[in-house]
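A.B. asks: Starting from the known structure of chain H, fit chain R onto it as the hints suggest.
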Amino acid sequence: MAPLMQSSQPWVEKYRPRRVKEVSHQDEVVRVLTNTLETTNCPHMLFYGPPGTGKTTTALAIAHQLYGPELYKSRVLELNASDDRGINVVRTKIKNFAAVAVGSAQQGGYPCPPFKIIILDEADSMTEDAQNALRRTMETYSKVTRFFFICNYISRIIEPLASRCAKFRFKPLSEEIMSTRILHICAEEGLNLDSEALSTLSSISQGDLRRAITFLQGAARLFGSSISSKDLISVSGVIPHEVVQNLLAACKSGSFDKANKEVNNVIAEGYPVSQMLSQLFDMVVESDDASDEQKARICKKLGEADKCLVDGADEYLQLLDACSSMIKAFSNMPEVFSN
Amino acid sequence: MLWVDKYRPKALDKVLVHQDVAQNLKKLVTEQDCPHLLFYGPPGSGKKTLIMALLRQMFGASAEKVKVENKNWKVDAGSRTIDLELTTLSSTHHVELNPSDAGFQDRYIVQEIIKEMAKNRPIDTKGKKGFKVLVLNEVDKLSREAQHSLRRTMEKYSASCRLILCCDSSSKVTEAVRSRCLNIRISAPKEGEIVKVLEFIGKKEGLQLPPGFAARIAEKSGRSLRRAILSFETCRVQQYPFTNNQVIPPMDWEEYVSEIASDIMKEQSPKRLFQVRGKLYELLVNCIPPEIILKRLLYELLKKLDSELKHEVCHWAAYYEHRMRLGQKAIFHIEAFVAKFMSIYKGFLIATFG
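Listed in order, the protein sequences are those of chains H and R.
If you count the first sequence from 1, position 28 lands on 28 in this note's numbering, and the numbers rise without skipping.
In short: position in the second sequence from 1, add 1000, done, that's this note's numbering.
Don't read these hints as lab results, they were simulated from the structure.
There are no misleading hints in this set.
Simulated crosslink set (DSSO-like; lysine-lysine; CA at most 27 Å straight-line): (1) Lys14/H / Lys73/H; (2) Lys261/H / Lys1196/R; (3) Lys1026/R / Lys230/H.
Bound conformation, chain H alone (with noise of 0.2 Å):
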């Protein structure tokens, strides 16, 4: 294969941390970990957060700096949810590899404790039989292997692996950090940000710094080097505020067939319905205008209107719901229909 060419790396990639210190926000994980490094012992962890805050990063950053890059092939066993994980794997592959014994031979200054660590990536997308199989491989060669368990939901974890981790929460990058990390990338890149632009973007990716990372490549592919929110937005998929703006006032005018055509609208304009659900549901939720009753029955109708979309319903069809839903909730109409 061809090498990578520079400029078509991924800047997700291209700056992600190298090293546990340079892992910003995360203090209680880079103090164990940086700890681990001193004496070289650690717990199986388990990582835990919303995309975009590091886990993966972190992970892999402990296990290069352990082993360094010799080592690592053979010591290191990532899976990730597009290798195939079902428990055939969990009983040969992973146990295979965890059975192995490893000494402690210190090369080139990595400190390369005498275990092997496997990181699965995306964990709560494995089976719950999967993760039933790991239980006992887990504490049979603790000796040798440490697990590292990745997920974003916490719930998915059966509790038995949960209980035998070193449980660590990742909190979303508040905006501050967000915005030194996109500075230092757009000096790094030679690009013009300004402030407007700036607060835009960790608006929009809301505390996930690889989504911030990916919007402001694109925007400088499609763009240039001088980016504007108004090209930011284009990019990252959100739907411009006067379009909801609109939608939601012509549910507040109380009339069926003003919410139709700008439904029509916004299909048309091929906005993305999941997108305006939950734009609508801030713009509900922070206006002043409507009482608490009315808040909760468009909340509710949202939620339902949102499971439906992953079911695969139409798009046209479940927010033309949702915006009827809307329109008596703020006319105070009775909510239920008689069956």
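C.D. replies: Relative to the frame of chain H, chain R by itself:
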């Protein structure tokens, strides 16, 4: 050749709608390298046209010499081998396919084809581009597993293979895939833009367009350019020279649905329901997708209803469409909707008129 194909713009410079998008795309490929792309937008808005023009911009005219192939893959999935068959459209530089045609085995298609593409280096005489392009249609219809396996393969083989994904609604594409692509939203053309295109075609064909005629076609098209051009051509076949009051023929199935709607409004009884079922079956066996039937039916009914009833009817339409997606046989759910509507409407009539 149909006008839709005849007047499809071949180059990014020649497009009449979405010129801004086309210019951006052009900038993108001149930089020697392009990220994965995800095009989304309603049908008939020009996604495919833009993709083909983009390929031409990248690879020159050879991207247009495509051949249709029926390929077979043998996939080794642990204990058994799976035979897969899929139609592909390929040139020396790109392969286009519809992975969702493989049904529940789409995951293997995604993995196998990308691997195969990555293995074979592109035949490039000038040695300009170091990658091939894979165009995947209807990614929103891919199963969850297929989309999950796409995310890693996209990163792994990015050195020799670029993906261009194309779908109607991006809500059905997982966040993970979306965040790895440059998302490009293609909105449906405005009516004014459709008029412009129709006038352009009329001029090329040497037709006399009465004033307002193109506007009427555009209005009927529901902002789908493809439909507008098709019905324009139908009009031409039907009667030329055009007259000012010439009827623009609606689609026959739409007329049929509106017939069903008026049937339902006229009488609400089990007997009528039985008749309607026959008509619904007629539509289904003619391969009209059930959700389109339901949507159209709702549209027709909403036109005839009082505003109090509209809320309730649209709620049930959404409810039964969702059920239809979860269930197996569409006819049950469409018929359930019709029955529900009849009961609501009858109740309303009794309450108002006694």
